[in-house]
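*Asks:* As you go down the protein sequences, you meet chains A and B in turn. In terms of full-length UniProt numbering, the first sequence is residues 1 to 599. In terms of full-length UniProt numbering, the second sequence is residues 1 to 599.
There are no misleading hints in this set.
Identical copies carry no separate label here, and so any pair may be met within one copy or between two of them.
Dumping the calculated EDC-like pairs for lysine to aspartate or glutamate here, alpha-carbon to alpha-carbon at most 16 Å:
no. : residue 1 : residue 2
1   : LYS88     : ASP69
2   : LYS88     : ASP523
3   : LYS269    : ASP31
4   : LYS88     : GLU519
5   : LYS201    : ASP223
Think of the hints as simulated: they come from the structure by calculation, not from any bench.
There are 2 protein chains.
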Amino acid sequence: MPPEPRTAIATVCLSGTLEDKLAAAAAAGFDGVELFENDLVVSPSSPAEIRRRCADLGLSIDLYQPFRDFEAVPPDVHAANLRRARHKFDVMAELGTDTVLVCSSVSPDAIDDDELAAEQLRAMADLAQQRGMRVAYEALAWGRHVSGYEHAWRIVRRAAHPALGVCLDSFHILSKGHDPAPIRAIPGDKIFFLQLADAPKLPMDVLPWSRHHRLFPGQGEFDLTAFTGHVLAAGYRGPLSLEVFNDVFRQADPRLAARDAMRSLLALKESLGVLDLPAAPALTGHAFAEVVTDPGAGRVLASLGFARTGLHRTKPVELWEQGEARVVVNEGGAAHGAVGAVALASTDPARSARRAEALCAPVLPRARGPREADLASVAAPDGTQVFLCGDDWRDDFVPTGETAGGAGIVGIDHVALTQPFDHFEEAALFYRSVFGLTPSPVTEFAAPFGLLRSRAVAAGEVRLTLEAAVVRRGEWAPAVREPQHVAFACTDALAAAAAMRAAGAPLLDIPGNYYDDLEARLDLPPSRLAALRERSVLYDRDAEGEFLHFYTALAGARVFFEVVQRIGGYRGFGVANAPVRMAAHRARRHAVPPVKTPA
Amino acid sequence: MPPEPRTAIATVCLSGTLEDKLAAAAAAGFDGVELFENDLVVSPSSPAEIRRRCADLGLSIDLYQPFRDFEAVPPDVHAANLRRARHKFDVMAELGTDTVLVCSSVSPDAIDDDELAAEQLRAMADLAQQRGMRVAYEALAWGRHVSGYEHAWRIVRRAAHPALGVCLDSFHILSKGHDPAPIRAIPGDKIFFLQLADAPKLPMDVLPWSRHHRLFPGQGEFDLTAFTGHVLAAGYRGPLSLEVFNDVFRQADPRLAARDAMRSLLALKESLGVLDLPAAPALTGHAFAEVVTDPGAGRVLASLGFARTGLHRTKPVELWEQGEARVVVNEGGAAHGAVGAVALASTDPARSARRAEALCAPVLPRARGPREADLASVAAPDGTQVFLCGDDWRDDFVPTGETAGGAGIVGIDHVALTQPFDHFEEAALFYRSVFGLTPSPVTEFAAPFGLLRSRAVAAGEVRLTLEAAVVRRGEWAPAVREPQHVAFACTDALAAAAAMRAAGAPLLDIPGNYYDDLEARLDLPPSRLAALRERSVLYDRDAEGEFLHFYTALAGARVFFEVVQRIGGYRGFGVANAPVRMAAHRARRHAVPPVKTPA
Numbered sequence: 001m002p003p004e005p006r007t008a009i010a011t012v013c014l015s016g017t018l019e020d021k022l023a024a025a026a027a028a029g030f031d032g033v034e035l036f037e038n039d040l041v042v043s044p045s046s047p048a049e050i051r052r053r054c055a056d057l058g059l060s061i062d063l064y065q066p067f068r069d070f071e072a073v074p075p076d077v078h079a080a081n082l083r084r085a086r087h088k089f090d091v092m093a094e095l096g097t098d099t100v101l102v103c104s105s106v107s108p109d110a111i112d113d114d115e116l117a118a119e120q121l122r123a124m125a126d127l128a129q130q131r132g133m134r135v136a137y138e139a140l141a142w143g144r145h146v147s148g149y150e151h152a153w154r155i156v157r158r159a160a161h162p163a164l165g166v167c168l169d170s171f172h173i174l175s176k177g178h179d180p181a182p183i184r185a186i187p188g189d190k191i192f193f194l195q196l197a198d199a200p201k202l203p204m205d206v207l208p209w210s211r212h213h214r215l216f217p218g219q220g221e222f223d224l225t226a227f228t229g230h231v232l233a234a235g236y237r238g239p240l241s242l243e244v245f246n247d248v249f250r251q252a253d254p255r256l257a258a259r260d261a262m263r264s265l266l267a268l269k270e271s272l273g274v275l276d277l278p279a280a281p282a283l284t285g286h287a288f289a290e291v292v293t294d295p296g297a298g299r300v301l302a303s304l305g306f307a308r309t310g311l312h313r314t315k316p317v318e319l320w321e322q323g324e325a326r327v328v329v330n331e332g333g334a335a336h337g338a339v340g341a342v343a344l345a346s347t348d349p350a351r352s353a354r355r356a357e358a359l360c361a362p363v364l365p366r367a368r369g370p371r372e373a374d375l376a377s378v379a380a381p382d383g384t385q386v387f388l389c390g391d392d393w394r395d396d397f398v399p400t401g402e403t404a405g406g407a408g409i410v411g412i413d414h415v416a417l418t419q420p421f422d423h424f425e426e427a428a429l430f431y432r433s434v435f436g437l438t439p440s441p442v443t444e445f446a447a448p449f450g451l452l453r454s455r456a457v458a459a460g461e462v463r464l465t466l467e468a469a470v471v472r473r474g475e476w477a478p479a480v481r482e483p484q485h486v487a488f489a490c491t492d493a494l495a496a497a498a499a500m501r502a503a504g505a506p507l508l509d510i511p512g513n514y515y516d517d518l519e520a521r522l523d524l525p526p527s528r529l530a531a532l533r534e535r536s537v538l539y540d541r542d543a544e545g546e547f548l549h550f551y552t553a554l555a556g557a558r559v560f561f562e563v564v565q566r567i568g569g570y571r572g573f574g575v576a577n578a579p580v581r582m583a584a585h586r587a588r589r590h591a592v593p594p595v596k597t598p599a
Numbered sequence: 001m002p003p004e005p006r007t008a009i010a011t012v013c014l015s016g017t018l019e020d021k022l023a024a025a026a027a028a029g030f031d032g033v034e035l036f037e038n039d040l041v042v043s044p045s046s047p048a049e050i051r052r053r054c055a056d057l058g059l060s061i062d063l064y065q066p067f068r069d070f071e072a073v074p075p076d077v078h079a080a081n082l083r084r085a086r087h088k089f090d091v092m093a094e095l096g097t098d099t100v101l102v103c104s105s106v107s108p109d110a111i112d113d114d115e116l117a118a119e120q121l122r123a124m125a126d127l128a129q130q131r132g133m134r135v136a137y138e139a140l141a142w143g144r145h146v147s148g149y150e151h152a153w154r155i156v157r158r159a160a161h162p163a164l165g166v167c168l169d170s171f172h173i174l175s176k177g178h179d180p181a182p183i184r185a186i187p188g189d190k191i192f193f194l195q196l197a198d199a200p201k202l203p204m205d206v207l208p209w210s211r212h213h214r215l216f217p218g219q220g221e222f223d224l225t226a227f228t229g230h231v232l233a234a235g236y237r238g239p240l241s242l243e244v245f246n247d248v249f250r251q252a253d254p255r256l257a258a259r260d261a262m263r264s265l266l267a268l269k270e271s272l273g274v275l276d277l278p279a280a281p282a283l284t285g286h287a288f289a290e291v292v293t294d295p296g297a298g299r300v301l302a303s304l305g306f307a308r309t310g311l312h313r314t315k316p317v318e319l320w321e322q323g324e325a326r327v328v329v330n331e332g333g334a335a336h337g338a339v340g341a342v343a344l345a346s347t348d349p350a351r352s353a354r355r356a357e358a359l360c361a362p363v364l365p366r367a368r369g370p371r372e373a374d375l376a377s378v379a380a381p382d383g384t385q386v387f388l389c390g391d392d393w394r395d396d397f398v399p400t401g402e403t404a405g406g407a408g409i410v411g412i413d414h415v416a417l418t419q420p421f422d423h424f425e426e427a428a429l430f431y432r433s434v435f436g437l438t439p440s441p442v443t444e445f446a447a448p449f450g451l452l453r454s455r456a457v458a459a460g461e462v463r464l465t466l467e468a469a470v471v472r473r474g475e476w477a478p479a480v481r482e483p484q485h486v487a488f489a490c491t492d493a494l495a496a497a498a499a500m501r502a503a504g505a506p507l508l509d510i511p512g513n514y515y516d517d518l519e520a521r522l523d524l525p526p527s528r529l530a531a532l533r534e535r536s537v538l539y540d541r542d543a544e545g546e547f548l549h550f551y552t553a554l555a556g557a558r559v560f561f562e563v564v565q566r567i568g569g570y571r572g573f574g575v576a577n578a579p580v581r582m583a584a585h586r587a588r589r590h591a592v593p594p595v596k597t598p599a
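From just these sequences and the hints, can you work out the full model?
*Replies:* Put into structure tokens, the structure is as follows:
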């Protein structure tokens, strides 16, 4: 196995003061940081104090950045730039860092002249060399004359100075569709620095895309494994360093963001074959889902045909079952969401837990009674517990002997984990890297109280949906976060809906307008449409199959249930119908609030 | 004066259920609505019930929208489309609306054949005509084959059907840079509908730009007055109808958004010369600023050289003065912000108030004692009171006889009104339309706890700055909203800072790193730099002049003061230095909070 590279993170990735950022980077286990100039400028700590702080935290300062608009300028501007460089080298000496990032110029002063650029960079490299420092030159994707890494490398080669090399930034290269393979031809010791960022593919100019929408590796659509592979193959031995400008991360808790950043690099290293992690064991399905709620959830489950089959040996927790669907109703304790836990059946629970721990997923402490199973449990980014179960988890429950006739539910189809605003991107990376689930593309849709984003993470019979607001919700929305739910699979949704309604299940009524629209859009057989309408069952279809589903009213403050039937190869989750459900929940729940003073 | 057009708003502009939206539109005084199909589909009310609701609210339903992917398709798709149209005409009949919007097709089924498009639209118009309805055909900017309004008009002309006309949408036309002048050549009675939206000019594809970033007229960069002028000149006599897709408005309180939407149309009508409003009187300066806070603010003002010159006759309110700077410290009552009120000196306060009222700015009720001045006061979108003053407002205060030596402050330079997340766009429109202030372009900058947007609205000596978070702040940020402040003008900031510090003023200490950076960037005379550094005075310059400024610590929960000196023609507000100030405030104020459970 090749040597494992060091890790670094640019302070600009994180929110807070410089002191907050350094503490967060160290706590997440980074080896070093790129120090963003503005973070230093606003800090009350002197460079020498920052140096000591970093040393105490075990962090190196791997890069000082960015130095802008340096090269290929008229003589008077060049003189001012060298003056500026001298001052910055003084600061770097105090900081104890030896590499400065120079971004290709965007200045209107800049001249399209590679020889001039090389000559002026050589002058800067001379100054650097006198201080034992070096200059890493990077092509910005929107540089005025130099916007590709091969061009930057040509200028560096022409300058031929030992203290001048290139900095490669995955975003600047991949966003423009440049081929990263020729990186292999750059001598590894001339690649002075490597900055990594992923991104979704967005139809906008590269500058706002870069400034607002970068993501950590594995969260976006770039192939960072291939890219970084080329850089390592060239012989680069510096740190893998994250430089991610993202509007959401900039204002999120840096301690959580740094942990997710580290997870992204660990997963990247694993994919590069430079880090050996316990492989993700196969997950065979949903062992159970836990809802943390008031006793109302049990009554709703009973009306859906569930039986209360077990009582926890030591806790106020009930097990409800129907077919292979198992729901644990937890009436005690605090929880982050209405769904307190998802329990996944693993072929090797202990290995699943070891992998999770190796990928920065906190393993949760758990009080365990003498006869109770040793369930491994890790915390998802939003605080949801993820249990990893073998076959013995049921031993925690004393059988009640209760059985129920059932109403056609055969198992858990999926668990819908609506996410807090700050955690949408990292949730998908978490479930993918830690448990080997495959994320689907992000769907955006308009709901009554604002736009939502939704995606699934799935493998085989394990399916989770993740949903979050596009704009963090304020006081007008009925809830900061939409409720979560557990969706049960059945083989005949129309029959199940009729049976459950007859048994008094609090099923949502779906407006006639919905069925009028369905009739206009799709040429469904009239009897089919009438049955859907009569039973308030929603409908979706795609090229692979059909989807019938219906919902209960809220069964607690922030949780409800769904029953779904998949026909053919339909793989979706009926997202197009979600706004109908939201409006129906709203109609049952909320009076319109008074106008509030804005915060 | 030409006839005043009716007003309408698309329900998709507003947040909530259809019921919420209709109530908000009616309360804001709209004459009608465009009914967005999805709002109807999710509503528990039948079309007939919606019709009655609208009638009760005094709203007409002016348009049913949108019908997508209709024209220029193969015969089997055309048959399905006509079937869909019949169903929608049924719904429209129940709603009592006679016009449907057909957007130019984006379907891969669509064929680039104007004759086929005309023929199929004619068939739809035939169906409509039989029901006494009509079809308004609109070119989407991203339509597959039809993406310009002149092309849509050619197809409509070719179809030559009395029940087929065009719908014009300002966004689709102006976003593509199409010349709107030829609209004048379209017969007015063939323009069946007019949709208005403004937008900032953004470097992205037109589809996401349209779906996420539209604004109400006057909030963006399009010339809606010229555009609408062409449409009225053509003879269009339908409503001016807003169709604004905006991520923020979609989740904001619809009652506030609808009011701002109406203000945008009133201002537009005034600019078109179809509505006569009382003209905005000249504003001659800041009469005073009111801070609502604890007694600490008075002590800070005293340390800045202010004297407490008056006590309010009936309220726990003090007047503090220095030069022409007047601050009212209000220790009682609730307020929306730390700055409770800005008081602007008007050449005709009564007319200012009449204009504000005509532009949907709520005139605030005010308890007035027998000897007190009758100040007009209106509420800004964020709840800040705006007083409009003549010369007699001082009569409310009993003079104390106190005087102070002063420390060089000569007046109020500006008041910084940080805005709640939802109110940034509308605040600029409010101050522009109601008071005739001119907005400056929006600046975006990175601050320790996330990106911020900032702009000024100013006229002569009246200057307000508006600032809001780009992403609504969550639990990590020290405050949902940055504090507000009053900035005082002086003629020698270095002398003032020294005098005030000697008098015990709690001035912010600015880090040495800031001055090291200033030295590197700008070739300031060493003595000048040393003086700035010694006195913690910040510096900015532009092509027109220089700006020296310094800040106090927080003088209350959410308010502080600034002292500024303008040299030459500098017109900015030192925004580049704001992050330095924020980090300094943070250093004085906050311990790092524990990691919180996300909401």
